[in-house]
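**Q** With the hints as your guide, set chain R onto chain Z.
So you can see what is in the structure, the chains are spelled out below.
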Amino acid sequence: MSTPNIVELYGVTKAFGALTVLHDIDLTIQQGEILTLLGPSGCGKTTLMRIIAGFEATTHGRVTIQGADVSYLPPDKRPVNMVFQRYALFPHLDVFDNVAFGLRLKKWPKERIREAVQHMLHLVQLGEYGNRWIHELSGGQAQRVALARALVNSPSVLLLDEPLAALDLKIRHHMLAELKRIHQETGTTFIYVTHDQDEATILSDRIVLMNKGRIEQIGTPEEMYAHPRSLFCARFLGETNILTGAVRAAETDTTYVDVGPGTVKVPANGAAVAIGQNVSLAIRPEALQVSRLAPGGAGGDGVNALDGVVEDVVFMGSRVVYSIRTSVETIKYQETRSVDGIMLAKGEPVRASWRPDAAVLLTH
Amino acid sequence: MMKGRRREAMGLALVAPSFLFLLVFFIVPAVLLFVCSFWMAQAFKLIPAFTFDNYSRALSASGFYLLTWNALKNGLCTAVLTVGLSFPAAYFIVYRTRGNLLFYLILVSWFSSYLVRIYAWRVILGSNGLINTTLMQLGLISQPLEVLLFSPFATILTLTHIMLPFALLLLVSALRDVKKEYVEAARDLGASNTEVLTRVILPMCYKGLVGAFMFTFVISAGDFVTPQLLGGRDGMTTGILIANQFRTAGNWPFGAAMAFLLLAAFLIVYLGFVRLLDLLRLAPGRRFHD
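Residue numbers (the numbering used here), protein chains in the order written: chain Z, 581 to 944; chain R, -12 to 277.
Don't take each hint at face value.
No more than 30 Å apart at the CA atoms, straight line, and that leaves these computed lysine-lysine pairs for DSSO-like [to be verified]: (1) Z:LYS657 x Z:LYS686; (2) Z:LYS750 x R:LYS166; (3) Z:LYS687 x R:LYS166; (4) Z:LYS687 x R:LYS194; (5) R:LYS166 x Z:LYS657; (6) R:LYS194 x Z:LYS686; (7) Z:LYS912 x Z:LYS845; (8) R:LYS167 x Z:LYS687; (9) Z:LYS792 x R:LYS167; (10) R:LYS167 x Z:LYS686; (11) Z:LYS657 x R:LYS167; (12) Z:LYS657 x Z:LYS687; (13) R:LYS32 x Z:LYS686; (14) Z:LYS792 x Z:LYS912; (15) Z:LYS792 x R:LYS166.
Treat the hints as calculated values from the structure; they're not laboratory data. Please read all numbers here as calculations on a predicted model, not as lab measurements.
Excised from the complex, chain Z in its bound form (with noise of 0.2 Å):
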C-alpha cells in the first residue's frame, strides 16, 4: 500500500550508549517534496539522515518508506540513495563506472546501463565525462557525479548529507540552482541535512529545525522565518532582535510586556502567559522604522518604541545594518539602501518603532 508520505518515522529513538542522540521523533515526508534537517552540529540531523538510509539502527521507533516498514532492512535493500558529504566516489572507477555502479550490481543489460548512465550525465551537465578519473575532477564536478551516482537508481528518496560542505560560496550557490532544477525534472523527493540556513531557506519547501535531538519546528521557511516558535528558531534563522521583559497584561489577543522604561504591545501566541512572567520578543532588523530625533529633544520611550543612538554602521551593498544603543539592548536595524545614499550617521540619537504585529511573543 502506498501512501502520500513517502517516509514516515514513528517515535524515532537513537542512543549511543548512555548518550541518546534522538529522542521520540515523529516526521512524515511528502513525495517529491524538498525536506531539510537543518541544526547546529551535533543535534542529530545527520543521525536520523543514517536512519532512513539503514546505516544505522533505531533504538526504539520504526521508519516507513513506501508504506512498508524498514526498521530492519539494511541499507542495499532499501529504496533509497545517499550524496556523502564528501561525496565517497570509488578513485578505482572512472565517471562512467562510479554512476554504472548500482545498475551493474542489478545486473541490467549492457545496453540499458550505458543509456540510463549517458543520460543521467547529461541531466548533470558532464556528458562528456564519462571517461574522466575521479581525481581529474572540480570539487563542483565530483558533487554532480555522486548526484548523477544516486539518481540513476532512480530512488524513492535521496538523501543529501551537507553536499555543498566542502564547496567554496560562488560554485556552492550555483549548485544549489542546479539542485533545484533537478529536483524539478527528476520529480525525487529529497531530505537535505545542512547547518546552513541560508541553504535550507533558498532550496526547501519545508524546514524541520532540530536542536539536541529534537524537532523543534517544521513548516515552510517563510513560516519559520516570519513565526518563530521558540528562542532558538528565531535566532537559528536569520538576524533578529531579542528583548526582554515582564507581563504587564494579557488579553485574549493583544499580550502587554515591560520592557526597560517601555510597554511592548505584540499579538498573543496562543499560549498561556502569567502577569509578570518572564518572556522574550522577537523583532526582524528590518521590520523596524526608525526615525531621527531632534538634538536634545529626547522624546522618551513609548509603546512599542526604544529611543537610542547610532553606535554602528556596516555598509552590505544592497543593505545598510545600523546598530542602535538603547537604553535596554542594542538592536540591530536593516534598510535597503536608498538612493539617497546612507540616511542616519554614527552617534545620532535615533528612535525606533515597530508595528505591533512585527514582534513575535516567545515563552520559550
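**A** Leaving out everything else, chain R in the frame of chain Z:
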C-alpha cells in the same frame, strides 16, 4: 624559476641519501654479480669471460628445477597463507576495532629474533615437542609424527609466522585508505557485504595486496636459513644451493647465474599474480565500459 629550482634541489637532497645507499649496496653489487654470472671459476679463482655455460649448466640439471620448484612452492604457500590469514585480521582491525591494541599485539612477535623463532618451532614440532607429546598422551598417536619437523610443512609454517606481521602492516595501512564512507556508499548503491569486498575494498587496496603478497613470496622463496634448519632433506631449495656456491663451493659465477634465474622466476610469478588479479577484476584503473 628560482623557486622551482630550489624545490628541485630540495627534492634531490631528500632522495639522495637513500639513492646513494641503494646504488652502493644494491645496484652496483647486483650489476657486478650479473657480470660475474658470465665469468668462469677455476679452483676458487674467477676468470673473466663471456660465457653462458653457468646458465646452461643450471638449466640442464633436473635438480635445479626440483629445487626451484621447492623454493617457489615454499614462497607461494607462505604468501597465500600469510595474505589469507592477515587480510581478515587487518579487516577486523581497521573496520571493527577502534584502538590499535590487537595490531600492536601481533606486531610484538617481531620483538623476538628470526632465529629464535625458527628454534622455537623446532621445539614445538620436534619428536619430543609440544604437539607430539600432547597427541601421544591423548592416545591419538603411538609414534611421534616425524613429518611435523624437517619437512616443507615446518618451513612454510615458520615462514608464515615470520612474515605475518609484515603482511599485516602493509594490509592495515592499505585498508586504512579505504575509508568507511566508500563502504557505505557501495552498500547504499545496493552492494552486499561480499560485493563491497570484491568491488570496492579489494580493488582499492590493490597495491597493499600485491605488495604484501610479493614481499612475502620473494622473502620466503629466496630464504635459505629456514629450509636448511627445518626443511629436512626434501626441503632443499635453490636458495640453499646458491648459498653453497658462494660459501663452500667457491663457484661465484655459477651461484650468480642461478640467482638471476631465480630472479627471473620471481618476475614470472609477479606477472602471473598481477594478471590473475586483473582477470578476477580486482585491479583498479580498469574501464568496464566501451
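**Q** What are the numbers of the hints that this structure violates, sorted from low to high?
**A** 13
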